[in-house]
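A.B. asks: Now for the letters of each chain:
2 protein chains.
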Amino acid sequence: MAGLQVCSVLVTGANQGIGLGLVRHFLGMPNPPKWVFAACQDPKGQRAQELQNLASKHPNLVIIPLEVTDPASIKAAAARVGEHLGGSGLNLLINNAGIMKLNSLDNETLEDMTQVYTTNTIGPLLLGQAFLPLLKKAAQGSPSSALSCSKAAIINMSSSGGSIEEVYLWNYGQAVSYRCSKAALNMLTKCQSLGYRQHGVLCVALHPGWVQTDMGGAGSQKVGVSPWQVPQSPCADFPWEGRELLP
Amino acid sequence: MAGLQVCSVLVTGANQGIGLGLVRHFLGMPNPPKWVFAACQDPKGQRAQELQNLASKHPNLVIIPLEVTDPASIKAAAARVGEHLGGSGLNLLINNAGIMKLNSLDNETLEDMTQVYTTNTIGPLLLGQAFLPLLKKAAQGSPSSALSCSKAAIINMSSSGGSIEEVYLWNYGQAVSYRCSKAALNMLTKCQSLGYRQHGVLCVALHPGWVQTDMGGAGSQKVGVSPWQVPQSPCADFPWEGRELLP
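Here the protein sequences line up with chains A and B, keeping their order. Sequential numbering from 1 applies to the first sequence in UniProt numbering. Sequential numbering from 1 applies to the second sequence in UniProt numbering.
FYI, nobody ran anything at the bench for these hints, they're computed from the structure. Any given hint could be a false lead.
No copy labels: a pair is met if it fits in one copy or bridges any two.
[Claimed, not checked] Mimicking EDC-like on lysine to aspartate or glutamate, the simulated pairs with C-alpha atoms at most 16 Å apart in a straight line are:
#1 K136 to D106
#2 K75 to D106
#3 K34 to D106
#4 K137 to E165
#5 K101 to E50
#6 K34 to E83
#7 K136 to E67
#8 K137 to E83
#9 K57 to E83
#10 K57 to D112
#11 K57 to E67
#12 K44 to D112
#13 K75 to E165
None of these values were measured; they are calculated from a predicted model.
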């Protein structure tokens, strides 16, 4: 964390859980970003109440409406962020928004497979495309030649549940659609890392652990300290306790 | 190949390419299956002409209409196969049907990501669900206690293009949607292997190599002999030259 210096960051799914925790972390840094963009589906709704409270105290927090399954919404969000940034670029895109359904092999459906994949995998692809110009601009404006989160990066929030080798927590409802979407997200991240490296954009997937959130539920474990309190990070200068999966 | 003895096999996407090659292989075995079910989208169409020719010569070949993206079509196919089998089970389900789009990171779309995933990943899930009762019946009727293709198995046709480590042929058009779908298919296969083992059903994913077919295109390489001529197999008794990816 000590090494992380970002002027701007966008977090998707920022109104709750890990996303909200990350927003709180960035706002509380000794040297906070000039812009923290918190994207969520319904910025004025009841479920964004905490985000609204934070925004009233932190003028550098901007809430952005975003539906990650809708290409038009993604493009509109990128345009809005670009307006706020003026001529500057975006340092960090954190694709955190995601859903999980505890479907087993027996009761998994076409509809749920499609919905989970669209949110967890296609969304991060489309967000990468839409924000690439701003990420490239940040990379071009950085004095560092090395890839880093302080320069320009895409962080895809994955899971060891998407590791074919580990199949983390298989007995926790199987969650076939979720696992398939996260395995695909890991592959997408690898593709992004191969394709965007030339533009100076770091692309990594992270496993945050089983965190106590709405999604994590009652069975989740708070391992060590919460992610936004961790002083060391496995992913260069990214403030996260989870394991780096890729590249 | 020498050890393979199946009474019944179903191949999806059987009217061309690898699927048609597999059908030819099974029909040409010294001890051919009692039933070879060749599933394709339009059994009476021009693109199934070779399959129709084969069926006129081989009474054990049954052409089954199947759209792998349509749950109702899958259920109808399972019912039809069940009728042919009478009280017997199905030994082998080969999920071969698949599509590829040479989209790059830049021009990949929500629509193509969805279509490729539905065909390459969701289809094999739904086919596994629909044919599980027949596969279980075959497993129960087998004298062998060990898992094998001769007893009851699901073979998912994957690709090293879906290997996150290898990213096989990255420069061949990137094919992001295809890679993500195959990485997800590998995960699905792992889930099926964990879930269906208790029923005596072997589940594996195979990389067939870059074969000279419509999909493989002009750049494909015919490595060694064609897959349905190979006498040895890496996947127990399955007649295939490709590498076994899972489990």
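A.B. asks: Enumerate the violated hints, using their earlier numbering and listing them in ascending order.
C.D. replies: Checked against the structure, the hints that fail are numbers 3, 4, 5, 7, 9, 10, 11, 12, 13, while the rest are satisfied.
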